[in-house]
Amino acid sequence: MDDLIAYIATSLVDDPTQVEVKTLRRGAQVIYSLHVAKEDMGRIIGKSGRVAGAMRTLLRVAAAQEGKRAILEIAEPD
Amino acid sequence: MAEQRTSLEVIAPSVEEAVERGLEDLGLSADDVEVEILDSGSKGLFGLGLRQARVRLMVKQSAQPADQELTLLERPAEEDLEDLSFETEIEAFDLEEDEPELPARPVFEVVDDENTLEIAQAVVQELLARMKIQARLTVCYGEPDDPKDRAPLLVDVRGDDLSILIGPKAETLNALQYIAGLIIGKEVGHSVPLVVDVEGYRARRTQQIRQLARHLAEQAVRTGRRQVLEPMPASERRLVHIELRDHPEVITESIGEDPRRKVTIIPK
Chain Z
1 MDDLIAYIAT SLVDDPTQVE VKTLRRGAQV IYSLHVAKED MGRIIGKSGR VAGAMRTLLR
61 VAAAQEGKRA ILEIAEPD
Chain G
1 MAEQRTSLEV IAPSVEEAVE RGLEDLGLSA DDVEVEILDS GSKGLFGLGL RQARVRLMVK
61 QSAQPADQEL TLLERPAEED LEDLSFETEI EAFDLEEDEP ELPARPVFEV VDDENTLEIA
121 QAVVQELLAR MKIQARLTVC YGEPDDPKDR APLLVDVRGD DLSILIGPKA ETLNALQYIA
181 GLIIGKEVGH SVPLVVDVEG YRARRTQQIR QLARHLAEQA VRTGRRQVLE PMPASERRLV
241 HIELRDHPEV ITESIGEDPR RKVTIIPK
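Protein chains in written order, with my numbering: chain Z, 1 to 78; chain G, 1 to 268.
Hints are supplied without guarantee of correctness; some may be wrong.
[Claimed, not checked] Examples of chain G residues lying across from chain Z (beta carbon under 8 Å, computed): (1) E126; (2) I164; (3) R238; (4) R261.
These are calculated hints, taken from the structure and not from any lab test. Quick caveat: nothing in here was measured; it's all calculated off a predicted structure. Just so you know, even glycine gets a beta-carbon here, dropped at the ideal spot from N, CA and C.
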């Protein structure tokens, strides 16, 4: 599932080399933390968070296929 | 065995119709199946449901299959998610309708000098593979909602049990369409109108909305009262406006704020 997030993020940003998806486990939940270049934050969040919202929807479906629950966090830029 | 039961998912304008159609396909009677309503659809006005109903029919173990059709409907035993094989056809100018119950879509000839069809097909395929969804894709140019618009890229997704890809109020389908559209736009270098459809869901809904628009316009004229539709996304409100813009006796207007924005049909 991290590859879904990574694929979408690298396809949308201007600087794909800065895309990183970290996987964290908190109990039964899997948390994907997405990091992109500061200049690309807007592209993965979108107007009113629309891009991030759509990514979360797709991630939820992908996770449900494996009977899991996944959360997407967008990391603060350094 | 319980996990292996044959089930069939049906999408139809109403729950009753979906069940009926499913039973017909299975060759079974209502007593032989358990019905799970996945989406009861919108209540619908005057017999024109605004959202399709989805049901899952699960065959009870005691049920005797009417014929060998049942075995055909059984899901493949090995569902190896690692080995996602896609059968893809790109049909730019020739859409073969192998499922005749769906309304035939006219296919528009469009100069495709940027390999947009190939890019669109590859992007949707990549997304679905990473969502662990097995499907077949057909990509072509479709008919624009408004004859003045550019012909949209149409990606039709087909496969078994794809209701997960539609989601409540087509939420998942819209998210997929939005993300795929952004990626394709980025790769092509400019925005591209894109429609992602699953099992003809959008095609049927478009037909219904147009029909409903005409019906409510008629009602507005007959009663002299404004008619208010239920809240709809922008793409669907647009269909109503386009359908009625040349209507001599009504005007249309959207009121309210998204996501509760809705169309009203006002007699002149």
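message: Let me make sure I understand: some of the numbered hints might not hold for this structure. Which ones are they, in numerical order?
response: 3, 4
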